[in-house]
Amino acid sequence: MHWYSHDVTPTPTPSPIVEQITAVAAAPWWGVPVTAGVFLLLGGVLTFLFTRWNESTKYKREKQREDIKELVELGAQLVNVGNAVRDFAAKGIGRPTAVFAPMVATEGTKLMDDFQLVLSRFRLVYPNSMHEVLTTYLKTTIVTLLPPYADAGQEWAIHEQKKASARLVDALRALQGHQAISADVEEVSTVVADATRAMAVLNEEIENETAEQKSAP
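Counting in numbering that gives the first Met the number 0, the sequence shown runs from 0 upward without gaps.
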(Lines of atoms letter the chains of each structure in order from A and count residues from 1; the text may use other names and numbers.)
(Lines give C-alpha, C1' and ligand atoms only; values in the text may rest on other atoms or scores of the structure.)
Protein backbone atom coordinates (compact mmCIF):
# COMPACT_ATOMS: atom_id res chain seq x y z
CA MET A 1 0.00 0.00 0.00
CA HIS A 2 1.47 3.28 -1.08
CA TRP A 3 0.95 6.61 0.47
CA TYR A 4 1.20 9.61 -1.75
CA SER A 5 1.69 13.08 -0.45
CA HIS A 6 0.15 15.91 -2.41
CA ASP A 7 1.53 19.46 -2.29
CA VAL A 8 -1.40 21.86 -1.81
CA THR A 9 -0.54 25.44 -2.72
CA PRO A 10 -2.24 27.80 -0.27
CA THR A 11 -4.53 30.49 -1.68
CA PRO A 12 -2.95 33.93 -1.18
CA THR A 13 -4.80 36.14 1.27
CA PRO A 14 -5.07 39.89 0.35
CA SER A 15 -2.88 42.05 2.43
CA PRO A 16 -4.67 44.43 4.83
CA ILE A 17 -2.78 47.31 3.24
CA VAL A 18 -4.08 46.41 -0.21
CA GLU A 19 -7.62 46.27 1.18
CA GLN A 20 -7.24 49.72 2.64
CA ILE A 21 -5.92 51.14 -0.59
CA THR A 22 -8.75 49.58 -2.55
CA ALA A 23 -11.34 50.81 -0.09
CA VAL A 24 -10.07 54.38 -0.33
CA ALA A 25 -9.93 54.35 -4.10
CA ALA A 26 -13.48 53.08 -4.55
CA ALA A 27 -16.38 55.53 -4.37
CA PRO A 28 -18.65 55.04 -1.36
CA TRP A 29 -22.12 53.74 -2.04
CA TRP A 30 -23.72 57.08 -1.10
CA GLY A 31 -21.48 59.23 -3.36
CA VAL A 32 -23.61 59.18 -6.50
CA PRO A 33 -26.92 60.17 -4.84
CA VAL A 34 -25.29 63.01 -2.92
CA THR A 35 -23.57 64.37 -6.03
CA ALA A 36 -26.81 64.24 -7.99
CA GLY A 37 -28.61 65.98 -5.14
CA VAL A 38 -26.05 68.77 -5.07
CA PHE A 39 -26.48 69.39 -8.79
CA LEU A 40 -30.25 69.38 -8.46
CA LEU A 41 -30.07 71.84 -5.59
CA LEU A 42 -27.67 74.07 -7.50
CA GLY A 43 -29.90 73.95 -10.58
CA GLY A 44 -32.91 74.93 -8.48
CA VAL A 45 -31.08 77.88 -6.95
CA LEU A 46 -29.89 79.09 -10.35
CA THR A 47 -33.39 78.73 -11.79
CA PHE A 48 -34.83 80.71 -8.90
CA LEU A 49 -32.24 83.47 -9.27
CA PHE A 50 -32.76 83.69 -13.02
CA THR A 51 -36.55 83.84 -12.60
CA ARG A 52 -36.24 86.64 -10.04
CA TRP A 53 -33.81 88.53 -12.27
CA ASN A 54 -36.11 88.11 -15.29
CA GLU A 55 -39.13 89.31 -13.32
CA SER A 56 -37.18 92.29 -11.97
CA THR A 57 -35.99 93.23 -15.45
CA LYS A 58 -39.52 92.89 -16.85
CA TYR A 59 -40.90 95.06 -14.04
CA LYS A 60 -38.27 97.75 -14.66
CA ARG A 61 -39.05 97.78 -18.40
CA GLU A 62 -42.79 98.07 -17.76
CA LYS A 63 -42.22 100.78 -15.14
CA GLN A 64 -40.01 102.69 -17.55
CA ARG A 65 -42.66 102.48 -20.29
CA GLU A 66 -45.33 103.70 -17.89
CA ASP A 67 -43.14 106.60 -16.73
CA ILE A 68 -42.38 107.63 -20.31
CA LYS A 69 -46.07 107.39 -21.23
CA GLU A 70 -47.02 109.63 -18.29
CA LEU A 71 -44.24 112.08 -19.12
CA VAL A 72 -45.25 112.30 -22.78
CA GLU A 73 -48.91 112.83 -21.89
CA LEU A 74 -48.06 115.66 -19.48
CA GLY A 75 -45.61 117.07 -22.02
CA ALA A 76 -48.32 117.11 -24.66
CA GLN A 77 -50.61 118.98 -22.27
CA LEU A 78 -47.82 121.47 -21.54
CA VAL A 79 -47.24 122.06 -25.23
CA ASN A 80 -50.97 122.58 -25.78
CA VAL A 81 -51.37 125.18 -23.04
CA GLY A 82 -48.16 126.84 -24.24
CA ASN A 83 -49.62 127.02 -27.74
CA ALA A 84 -52.75 128.62 -26.30
CA VAL A 85 -50.62 131.26 -24.57
CA ARG A 86 -48.69 131.91 -27.79
CA ASP A 87 -51.87 132.19 -29.88
CA PHE A 88 -53.25 134.67 -27.41
CA ALA A 89 -50.00 136.64 -27.43
CA ALA A 90 -50.24 136.89 -31.22
CA LYS A 91 -53.31 139.06 -30.71
CA GLY A 92 -51.01 141.72 -29.31
CA ILE A 93 -49.33 142.21 -32.68
CA GLY A 94 -50.44 145.55 -34.08
CA ARG A 95 -52.16 146.56 -30.83
CA PRO A 96 -50.92 149.35 -28.56
CA THR A 97 -49.72 148.21 -25.17
CA ALA A 98 -52.46 150.23 -23.48
CA VAL A 99 -55.07 148.25 -25.42
CA PHE A 100 -53.58 144.77 -25.08
CA ALA A 101 -52.39 145.01 -21.45
CA PRO A 102 -55.93 144.77 -19.99
CA MET A 103 -56.52 141.66 -22.11
CA VAL A 104 -53.35 140.12 -20.72
CA ALA A 105 -54.47 140.91 -17.18
CA THR A 106 -57.67 138.91 -17.66
CA GLU A 107 -57.49 136.28 -20.37
CA GLY A 108 -53.71 136.06 -20.33
CA THR A 109 -53.61 135.51 -16.57
CA LYS A 110 -56.09 132.66 -16.85
CA LEU A 111 -54.00 131.01 -19.55
CA MET A 112 -50.84 131.33 -17.47
CA ASP A 113 -52.60 129.78 -14.48
CA ASP A 114 -53.43 126.76 -16.64
CA PHE A 115 -49.86 126.72 -17.91
CA GLN A 116 -48.38 126.79 -14.40
CA LEU A 117 -50.66 123.97 -13.26
CA VAL A 118 -49.54 121.61 -16.00
CA LEU A 119 -45.94 122.76 -15.61
CA SER A 120 -45.99 121.86 -11.90
CA ARG A 121 -47.19 118.35 -12.69
CA PHE A 122 -44.62 117.97 -15.47
CA ARG A 123 -41.79 119.01 -13.16
CA LEU A 124 -42.57 116.11 -10.84
CA VAL A 125 -41.69 113.48 -13.44
CA TYR A 126 -39.42 115.00 -16.08
CA PRO A 127 -35.78 113.78 -16.26
CA ASN A 128 -32.81 116.04 -15.57
CA SER A 129 -31.76 115.70 -19.21
CA MET A 130 -34.73 117.91 -20.16
CA HIS A 131 -34.03 120.66 -17.63
CA GLU A 132 -32.46 123.12 -20.06
CA VAL A 133 -35.15 122.55 -22.69
CA LEU A 134 -37.92 123.02 -20.13
CA THR A 135 -36.35 126.17 -18.67
CA THR A 136 -36.08 127.77 -22.11
CA TYR A 137 -39.66 126.81 -22.91
CA LEU A 138 -40.90 128.37 -19.67
CA LYS A 139 -38.99 131.62 -20.17
CA THR A 140 -40.01 132.12 -23.78
CA THR A 141 -43.66 131.41 -22.98
CA ILE A 142 -43.71 134.02 -20.21
CA VAL A 143 -41.97 136.61 -22.39
CA THR A 144 -44.80 136.50 -24.94
CA LEU A 145 -47.09 138.16 -22.38
CA LEU A 146 -44.66 140.83 -21.20
CA PRO A 147 -44.95 144.41 -22.53
CA PRO A 148 -44.24 146.21 -24.71
CA TYR A 149 -46.28 144.58 -27.45
CA ALA A 150 -44.73 146.34 -30.42
CA ASP A 151 -44.82 144.45 -33.69
CA ALA A 152 -41.13 143.53 -33.94
CA GLY A 153 -40.70 142.62 -30.27
CA GLN A 154 -43.87 140.58 -30.09
CA GLU A 155 -43.11 138.72 -33.30
CA TRP A 156 -39.65 137.89 -31.97
CA ALA A 157 -41.08 136.62 -28.67
CA ILE A 158 -43.64 134.45 -30.46
CA HIS A 159 -40.98 133.07 -32.79
CA GLU A 160 -38.66 132.19 -29.88
CA GLN A 161 -41.50 130.47 -28.02
CA LYS A 162 -42.30 128.48 -31.15
CA LYS A 163 -38.70 127.28 -31.39
CA ALA A 164 -38.61 126.37 -27.69
CA SER A 165 -41.87 124.46 -28.11
CA ALA A 166 -40.39 122.52 -31.04
CA ARG A 167 -37.32 121.60 -28.97
CA LEU A 168 -39.56 120.38 -26.15
CA VAL A 169 -41.49 118.22 -28.60
CA ASP A 170 -38.20 116.82 -29.94
CA ALA A 171 -37.09 115.95 -26.40
CA LEU A 172 -40.35 114.12 -25.77
CA ARG A 173 -40.06 112.28 -29.09
CA ALA A 174 -36.48 111.28 -28.26
CA LEU A 175 -37.70 109.53 -25.11
CA GLN A 176 -39.80 107.30 -27.35
CA GLY A 177 -36.99 106.72 -29.84
CA HIS A 178 -38.44 108.99 -32.54
CA GLN A 179 -36.53 111.43 -34.73
CA ALA A 180 -36.63 115.19 -34.24
CA ILE A 181 -39.09 117.31 -36.22
CA SER A 182 -37.92 120.80 -35.20
CA ALA A 183 -36.34 121.32 -38.61
CA ASP A 184 -39.79 121.16 -40.18
CA VAL A 185 -41.06 123.74 -37.71
CA GLU A 186 -38.18 126.09 -38.55
CA GLU A 187 -38.96 125.87 -42.26
CA VAL A 188 -42.55 127.05 -41.80
CA SER A 189 -41.86 129.59 -39.06
CA THR A 190 -41.73 132.51 -41.48
CA VAL A 191 -45.01 131.51 -43.08
CA VAL A 192 -46.68 131.21 -39.69
CA ALA A 193 -45.34 134.59 -38.58
CA ASP A 194 -46.67 136.23 -41.75
CA ALA A 195 -50.05 134.60 -41.27
CA THR A 196 -50.19 135.70 -37.65
CA ARG A 197 -49.34 139.26 -38.58
CA ALA A 198 -51.95 139.29 -41.33
CA MET A 199 -54.63 138.02 -38.95
CA ALA A 200 -53.76 140.71 -36.42
CA VAL A 201 -54.02 143.44 -39.05
CA LEU A 202 -57.32 142.02 -40.27
CA ASN A 203 -58.73 141.95 -36.76
CA GLU A 204 -57.67 145.52 -36.20
CA GLU A 205 -59.34 146.64 -39.41
CA ILE A 206 -62.54 144.86 -38.42
CA GLU A 207 -62.50 146.54 -35.03
CA ASN A 208 -61.92 149.96 -36.62
CA GLU A 209 -64.79 149.46 -39.04
CA THR A 210 -67.05 148.36 -36.21
CA ALA A 211 -66.11 151.41 -34.18
CA GLU A 212 -66.75 153.72 -37.13
CA GLN A 213 -70.17 152.18 -37.71
CA LYS A 214 -71.12 152.66 -34.09
CA SER A 215 -70.00 156.28 -34.11
CA ALA A 216 -71.77 157.07 -37.39
CA PRO A 217 -75.05 159.07 -36.97
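No lab work stands behind these hints, which were simulated from the structure alone. Idealized CB from N, CA, C, for every residue including glycine. Honestly, I wouldn't trust all of these hints.
[Stated by the list, open to error] Below are the EDC-like pairs computed for lysine to aspartate or glutamate, each with C-alpha atoms no more than 20 Å apart in a straight line: (1) K90 to E154; (2) K90 to E159; (3) K138 to E154; (4) K138 to D169; (5) K138 to D112; (6) K162 to E131; (7) K162 to D150; (8) K90 to D113; (9) K90 to D169; (10) K90 to E106; (11) K62 to E72; (12) K109 to D86; (13) K59 to E69; (14) K90 to D112; (15) K68 to D169; (16) K62 to D86; (17) K162 to D86; (18) K68 to D86; (19) K138 to E69.
[As the list claims (entries may be wrong)] Here are the computed distance ranges between Cβ atoms for each label pair: (20) G43 to L123: 25 to 35 Å; (21) D150 to Q115: 25 to 35 Å; (22) V98 to Q178: 52 to 62 Å; (23) K68 to W155: 17 to 27 Å; (24) T50 to D112: 45 to 55 Å; (25) R64 to A179: 13 to 23 Å; (26) V98 to K59: 53 to 63 Å; (27) A149 to E61: 48 to 58 Å; (28) G43 to V124: 32 to 42 Å; (29) K109 to G152: 20 to 30 Å.
Against the structure, the hints:
{"no.": "1", "hint": "K90 to E154", "in the structure": "holds, 11 Å"}
{"no.": "2", "hint": "K90 to E159", "in the structure": "holds, 16 Å"}
{"no.": "3", "hint": "K138 to E154", "in the structure": "holds, 15 Å"}
{"no.": "4", "hint": "K138 to D169", "in the structure": "holds, 18 Å"}
{"no.": "5", "hint": "K138 to D112", "in the structure": "holds, 15 Å"}
{"no.": "6", "hint": "K162 to E131", "in the structure": "holds, 14 Å"}
{"no.": "7", "hint": "K162 to D150", "in the structure": "holds, 18 Å"}
{"no.": "8", "hint": "K90 to D113", "in the structure": "holds, 19 Å"}
{"no.": "9", "hint": "K90 to D169", "in the structure": "violated, 27 Å"}
{"no.": "10", "hint": "K90 to E106", "in the structure": "holds, 11 Å"}
{"no.": "11", "hint": "K62 to E72", "in the structure": "holds, 15 Å"}
{"no.": "12", "hint": "K109 to D86", "in the structure": "holds, 14 Å"}
{"no.": "13", "hint": "K59 to E69", "in the structure": "holds, 15 Å"}
{"no.": "14", "hint": "K90 to D112", "in the structure": "holds, 19 Å"}
{"no.": "15", "hint": "K68 to D169", "in the structure": "holds, 15 Å"}
{"no.": "16", "hint": "K62 to D86", "in the structure": "violated, 36 Å"}
{"no.": "17", "hint": "K162 to D86", "in the structure": "holds, 14 Å"}
{"no.": "18", "hint": "K68 to D86", "in the structure": "violated, 27 Å"}
{"no.": "19", "hint": "K138 to E69", "in the structure": "violated, 23 Å"}
{"no.": "20", "hint": "G43 to L123: 25 to 35 Å", "in the structure": "violated, 43 Å"}
{"no.": "21", "hint": "D150 to Q115: 25 to 35 Å", "in the structure": "holds, 28 Å"}
{"no.": "22", "hint": "V98 to Q178: 52 to 62 Å", "in the structure": "violated, 43 Å"}
{"no.": "23", "hint": "K68 to W155: 17 to 27 Å", "in the structure": "violated, 35 Å"}
{"no.": "24", "hint": "T50 to D112: 45 to 55 Å", "in the structure": "holds, 50 Å"}
{"no.": "25", "hint": "R64 to A179: 13 to 23 Å", "in the structure": "holds, 21 Å"}
{"no.": "26", "hint": "V98 to K59: 53 to 63 Å", "in the structure": "holds, 56 Å"}
{"no.": "27", "hint": "A149 to E61: 48 to 58 Å", "in the structure": "holds, 52 Å"}
{"no.": "28", "hint": "G43 to V124: 32 to 42 Å", "in the structure": "holds, 40 Å"}
{"no.": "29", "hint": "K109 to G152: 20 to 30 Å", "in the structure": "holds, 23 Å"}
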